[in-house]
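Engineer: Protein chains in written order, with the working numbering: chain A, 632 to 857; chain B, 60 to 275.
Heads up, a few of these hints could be off.
[Stated by the list, open to error] In silico DSSO-like cross-links for lysine-lysine, where the CA-CA straight-line distance does not exceed 27 Å: (1) B:Lys81 x A:Lys645; (2) B:Lys81 x A:Lys764; (3) A:Lys764 x B:Lys103; (4) A:Lys636 x B:Lys91; (5) A:Lys633 x B:Lys91; (6) A:Lys829 x A:Lys750.
What the hints contain is simulated information worked out from the structure, not anything from laboratory work.
Because the structure is a prediction, the values reported are computed rather than measured.
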Amino acid sequence: MKTAKQLGLALCPKCRKLNSLVTEPVQCSRCHGLFYQRKRNSLQYTLAWNFAALLAFIPANFYPIMIVYQLGIGSEATILSGIGEFIDHGLYPIAVIIFTASIIVPLLKIIGLFVLVYKVHTGIRLKPDKHSKFYHALEFLGPWSMLDVFVVALMVTVVELGFVTSVAAGPAINYFTITVIFTMFAANSFDPRLLWDKKTATQTSLLSDNSPDHISGILPEEKGYK
Amino acid sequence: MNNKIDTLLFVACQQCDALYDKPQLKQGQLAKCTRCGSMLIERKVDSIERSFNWSLAGLMLMLPAILLPIMGVTLAGQYHQASLFDCILVLIDRGFFMIACFVFLFAIAVPIVRLAGAFYISYCFKFNKLKPSLLNFFRAYHHLDNWTMLNVFMLGIVVSMYKLIDDTELSVNLGLLAFIFWLICSTMSAVALDQDCIWEKLEKAFAKDEAQDENS
């Protein structure tokens, strides 16, 4: 199976038109947009956004996300303690939804992208078909983490009954939004085609290593490394 | 010159860069990549007509969905209701500018821009008013592909209703109905729009102009 890269072609990411690659920012002949054959510095951008998201995720979990005032007395709740309250009230389905959307999905996204970047960089145990499906799942799940932000925004707006009960948002909501947006940027800047590129590159290098005139020289060294 | 003809006969997979001969599809068929299983090309049924109608309906539902109150709360004899737009006003009032900004972008601005964009594009195609500016316009439309979060907001409404139903008397208003229909319309108009078909038609319409430009 040949790839467009091997034949010197590049695919426009916006209009999906194949262009012949002449100089590196290619101007698409159909939509006139500038683009690169692969996303530029994809791994570095993904790593950087990922670290930023991970950093923002820490205060997002420690600061209170929602403060409920009842008769003037405020009680603070973080993301986790909010979920705990749901479990106490017996609202298990909602607890599961919130837990998935605001803890599991961001963490899974951050860790998953780290793993993907690592695998593309080293090429160890790389299974492009599985990993690209995993990447699509991550990309699809991204926006759903905004759930908690929208819930808090709605609660703040709807429950505003003056002195009796009112809800205020806590500082964590800012950090949490930043986390979600950064993970979305991280997922956007990762290029799944790199998975396949790396795989074909390692396969061809393995094939050349196994050719008869190489075997005698290389095998003992490899054993030594392991 | 040889390369230019080549590129018209091939398609590459967006996700794994595998190269294929361009399949000739009928309406309603789609081609998938054999290596990674993602979609290569899709021919949607009645694309222009459908996305025109869905986006027109969406634009009409836009105002009620944003301005009508979604739900109300009664507690200790006091009643308070809120719409999507109130949400943003209250957040600004309380000083959460960033959250207000993002909620506005993801739940109001981006869906409206995408609906209006889909409407404009399908309008131009329906009445054969193709202009070169459509190329830039449709490219810009793709920038917003991932950033519509109406469906997430809908789930947010459901979750916060669950939260409130325990302690307070919750009342559902007309805004919720309008919002659900708006969500359906905006999703359907985005789904119905056939990108490949539109790009090909645009290319055919403006390829001549470019050839003339090169000659002159």
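Engineer: Could you run down the list of hints and mark each one as holding or not?
Structural biologist: Results for each hint:
Simply put, Lys81 of chain B and Lys645 of chain A have alpha-carbon atoms about 18 Å apart, close enough for the 27 Å limit, and the pair holds. Pair hint Lys81 of chain B plus Lys764 of chain A holds up; C-alpha atoms about 24 Å apart against a cutoff of 27 Å. Between Lys764 of chain A and Lys103 of chain B, the direct Cα distance comes to roughly 24 Å. Compliance with the 27 Å bound is thereby established for this hinted pair. Distance check on the hinted pair: Lys636 of chain A and Lys91 of chain B sit about 19 Å apart at the alpha-carbon level, within 27 Å; holds.
A distance of roughly 16 Å separates the Cα atoms of Lys633 of chain A and Lys91 of chain B; the hinted pair therefore holds under the 27 Å criterion. Distance hint between Lys829 of chain A and Lys750 of chain A is fulfilled; the C-alpha atoms sit about 9 Å from each other, no more than 27 Å.
Taken one by one, the earlier hints all hold for this structure without exception.
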